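*Asks:* One-letter residues, chain by chain:
There are 2 protein chains.
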Amino acid sequence: MINQQLLQPESIAIIGGSNDITKPGGKVLKNLLDHHFKGKLYVVNPKETIIQGLECYHDARDLPSIDLGILAIPARLCPESVKVLAETKNTKAFIIFSAGFHEESQEGARLEQEIVETVNKTGGCLIGPNCIGVMTPYHTSVFTTPIPELVPDGVDFISGSGATAVFIMEYAITNGLKFSSVFSVGNSAQIGVEEVLEYLDMHFDPLQSSKIKLLYIESIEKPDKLLKHASSLIRKGCRIAAIKAGTSAAGSRAATSHTGALASSDTAVDALLRKAGIVRCHSRQELATVGGIFTHPPLPGNRMAIITHAGGPAVMLTDALSNNGIEIPPLESPELLSKLYPGSSVANPIDFLATGTATQLAEIIDYCENRFEQIDAMAVIFGSPGLFEVYDVYKVLDEKMRSCRKPIFPILTSIINVKKEIEYFISLG
Amino acid sequence: MINQQLLQPESIAIIGGSNDITKPGGKVLKNLLDHHFKGKLYVVNPKETIIQGLECYHDARDLPSIDLGILAIPARLCPESVKVLAETKNTKAFIIFSAGFHEESQEGARLEQEIVETVNKTGGCLIGPNCIGVMTPYHTSVFTTPIPELVPDGVDFISGSGATAVFIMEYAITNGLKFSSVFSVGNSAQIGVEEVLEYLDMHFDPLQSSKIKLLYIESIEKPDKLLKHASSLIRKGCRIAAIKAGTSAAGSRAATSHTGALASSDTAVDALLRKAGIVRCHSRQELATVGGIFTHPPLPGNRMAIITHAGGPAVMLTDALSNNGIEIPPLESPELLSKLYPGSSVANPIDFLATGTATQLAEIIDYCENRFEQIDAMAVIFGSPGLFEVYDVYKVLDEKMRSCRKPIFPILTSIINVKKEIEYFISLG
Chain A
1 MINQQLLQPE SIAIIGGSND ITKPGGKVLK NLLDHHFKGK LYVVNPKETI IQGLECYHDA
61 RDLPSIDLGI LAIPARLCPE SVKVLAETKN TKAFIIFSAG FHEESQEGAR LEQEIVETVN
121 KTGGCLIGPN CIGVMTPYHT SVFTTPIPEL VPDGVDFISG SGATAVFIME YAITNGLKFS
181 SVFSVGNSAQ IGVEEVLEYL DMHFDPLQSS KIKLLYIESI EKPDKLLKHA SSLIRKGCRI
241 AAIKAGTSAA GSRAATSHTG ALASSDTAVD ALLRKAGIVR CHSRQELATV GGIFTHPPLP
301 GNRMAIITHA GGPAVMLTDA LSNNGIEIPP LESPELLSKL YPGSSVANPI DFLATGTATQ
361 LAEIIDYCEN RFEQIDAMAV IFGSPGLFEV YDVYKVLDEK MRSCRKPIFP ILTSIINVKK
421 EIEYFISLG
Chain B
1001 MINQQLLQPE SIAIIGGSND ITKPGGKVLK NLLDHHFKGK LYVVNPKETI IQGLECYHDA
1061 RDLPSIDLGI LAIPARLCPE SVKVLAETKN TKAFIIFSAG FHEESQEGAR LEQEIVETVN
1121 KTGGCLIGPN CIGVMTPYHT SVFTTPIPEL VPDGVDFISG SGATAVFIME YAITNGLKFS
1181 SVFSVGNSAQ IGVEEVLEYL DMHFDPLQSS KIKLLYIESI EKPDKLLKHA SSLIRKGCRI
1241 AAIKAGTSAA GSRAATSHTG ALASSDTAVD ALLRKAGIVR CHSRQELATV GGIFTHPPLP
1301 GNRMAIITHA GGPAVMLTDA LSNNGIEIPP LESPELLSKL YPGSSVANPI DFLATGTATQ
1361 LAEIIDYCEN RFEQIDAMAV IFGSPGLFEV YDVYKVLDEK MRSCRKPIFP ILTSIINVKK
1421 EIEYFISLG
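Protein chains in written order, with this note's numbering: chain A, 1 to 429; chain B, 1001 to 1429.
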């Protein structure tokens, strides 16, 4: 079971730490140093004396007591290291990056089993093997980049595939998402996606815990456990989205070869996720986008105002929303119209034209917030044809998103012309 | 009808040119200068003497003969300027940026009608009003950025909405797409999407013309014309993708207010596009992606090899493809497997692991190209967990895409870790 030593270790030892930051054992140390891990950091490597400025131990037996052991050494050397740490250093948490276990061979499966037995016997927890690691606001024990912003009210992300976790985070970070925790469970030798979810459920704190969970799953080994804890978390106010990959016949063959996942029919998966209340996604972009939408308060109703400075995207969005159960009710206000430039429209979409200003946007949002009772939420589309900067518009948008009762969904269409302004907008939070 | 003066003008006059590059009349001049327009460039502005380094004319009457007139002046002044150019300067092509015509008022509709009559009488062509302009390899007569790379074998792009055209191009450029022409038809006073398509069809040259057309349409005014020329172009070997927005009830209200588009039912649009052989898209990302796929040779069959260095994305892609009619046939080759690192798989997906090298990728692609007869095409997934640079892999990928008979679709998953390498890959073409 996941424990405090994994989530908030006071000491970490990297077995196989290295000066070469293109190697997992070097990169994880660099990540921990770069992100100012506050606890004690130890490195074990028989061939070095100083590693990235830290004194290097030649043998794990020389270490003091250690909370979390990270292994970046060949598979065949792992069981002995785990034994030393678990039995003589009171180590209760392990992350094993190394591959070459049950995903590769019978011999690997035996090594993996041996490690699990040692960890179980000493009451510890094991993430991996064959994973990229774990991140929480307390430590960044992964050998990959990018490192997202880690805050208690970010998103909890559990992934059955390490590289996929990286690609999803890259997309999510670009879209402004922050994380509360990231678990790459790898071979799930002791702890799989289900067990992480169980922990998050059983230790859920309505005031402190993140209310958003994102999952990438290739194999649902314990559907009952998944259903139980996902439903429970959702009853406690959480929102969960998941990709379950490997559900087509060919995809399930691919998943089996990737992580040894068992086949499961697409219909069964759909039914299970639906019953649990999980939003099913089919691509990394979709998962990251749904995660972003979850950061907004839930819609109090299904009536949306679309506010735009460009007609076309508003027409497409109106199609997409109204084809999926969201109403775009007609609006009328000669008073509001008189405050906009000639040619504007307030019929919903509210189009305040390419020349529209930040002041006009603020005015429109105030009308939607306070006057239009038939509106539950707003979507604001604002890009730029590249004539001038639009920082002021994005500043207004950020302020209104904080102050309005009704949820506001920003849609920032210009990924080149407004690149800098979007980065600024994201930096505001 | 579109003419040579619009596509390859030898002289351009900007009526309402300006030193202020945050204004359309200033920005279009800057775009033409920055992109080295080879013909003669004239600027008319009654209040200036030098504009962006060019001598300024105070009155259009003082100009020499002009091929293309670009108007960036208030709507009410446009009819007179068009008259002067068309009747005394032999101007046969016009682009009018200005808004305030039939989309705004009855008076505007009258002005627009007057302009069309003048242009028709003198046998010229008119793009707009209320548009962002036109680009070809010969000139960049738009007041927006970004300017894509313009080459004869790029994509022809026709848009019924200027801002939407910008947002679609931003996405397309980021994904490496090049353009052969861009037409923003605005109010379509004389020339709409259908007329541009007609021109491209009637002047189609199997050796010279672009074979890819992308359309953003809010209103199909002449379904017969669209059907006729789209089908004809497709018979000539072209591939066409289109967004038709404003097909939901609410969306059609939005489109009417945006460009005065008439309502059309979604089913009717679907049937029309299907009959013509046009691939229908529903978002700007989808249109840009389909445009990118069109740059590959057509699939000779439906059997795909998925080559990857990361299991998860390959599982998702296998699901997506095999759920949509593409086969991912099982493969076997102990010989190929022996050239990869332990733990790799060649069962399809071919997974050569996170540690896989450029040499191994080349080897795998050669097997798919020459040995695996049950394979028609390849998808290559390659991102990075951020440990080291992967320029060499992307170089191999580019070389193989050029030399292989079987189409190769690159899927570059790491938008942060491999940002620079992706830019390099795109720069290779």
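FYI, nobody ran anything at the bench for these hints, they're computed from the structure.
It cannot be assumed that every hint is accurate.
Stated by the list, open to error - Some but not every residue of chain A turned toward chain B, in silico, with C-beta under 10 Å:
{"no.": "1", "residue": "23"}
{"no.": "2", "residue": "76"}
{"no.": "3", "residue": "79"}
{"no.": "4", "residue": "80"}
{"no.": "5", "residue": "105"}
{"no.": "6", "residue": "106"}
{"no.": "7", "residue": "109"}
{"no.": "8", "residue": "170"}
{"no.": "9", "residue": "248"}
{"no.": "10", "residue": "292"}
{"no.": "11", "residue": "332"}
{"no.": "12", "residue": "334"}
{"no.": "13", "residue": "357"}
{"no.": "14", "residue": "362"}
All figures in this text were calculated on a predicted structure; none of them were measured in a lab.
Each residue gets a CB set at the ideal place from its N, CA and C atoms; glycine is no exception.
*Asks:* The structure should be examined with respect to each hint, and the outcome stated for every one.
*Replies:* Quick rundown of the hints versus the structure:
1. Evaluation of the residue 23/A hint against chain B yields a held restraint, the C-beta minimum of about 7 Å falling below 10 Å.
2. This hint is violated: residue 76/A has a C-beta 12 Å from the nearest C-beta of chain B, more than the 10 Å allowed.
3. With 10 Å as the threshold, the beta carbon of residue 79/A stays out of range of chain B, its nearest partner Cβ sitting at about 18 Å, so the hint is violated.
4. Interface hint status for residue 80/A: violated, as the beta-carbon distance to the closest one in chain B is roughly 21 Å, over 10 Å.
5. With its C-beta approaching chain B no nearer than about 8 Å, residue 105/A sits inside the 10 Å limit, and its interface hint holds.
6. For residue 106/A, the suggested interface contact is broken, since its CB lies about 13 Å from the closest CB of chain B, more than 10 Å.
7. Because the smallest distance between the Cβ of residue 109/A and any Cβ of chain B comes to about 13 Å, over 10 Å, the interface hint for this residue is violated.
8. For residue 170/A, the suggested interface contact is upheld, since its CB lies about 4 Å from the closest CB of chain B, less than 10 Å.
9. For residue 248/A, the interface hint holds, since its Cβ comes within 10 Å of a Cβ in chain B; the closest pair sits about 4 Å apart.
10. The closest approach between the C-beta of residue 292/A and any C-beta of chain B is roughly 15 Å, which is over the 10 Å cut-off, so the hint fails.
11. The beta carbon of residue 332/A is not positioned within 10 Å of any beta carbon in chain B (closest approach about 12 Å), and the interface hint is therefore violated.
12. Taking 10 Å as the C-beta cut-off, the interface hint given for residue 334/A is violated, the closest approach to chain B being about 15 Å.
13. Taken as an interface hint, residue 357/A does not check out: its beta carbon lies about 13 Å from the nearest beta carbon of chain B, beyond 10 Å.
14. The beta carbon of residue 362/A is not positioned within 10 Å of any beta carbon in chain B (closest approach about 21 Å), and the interface hint is therefore violated.
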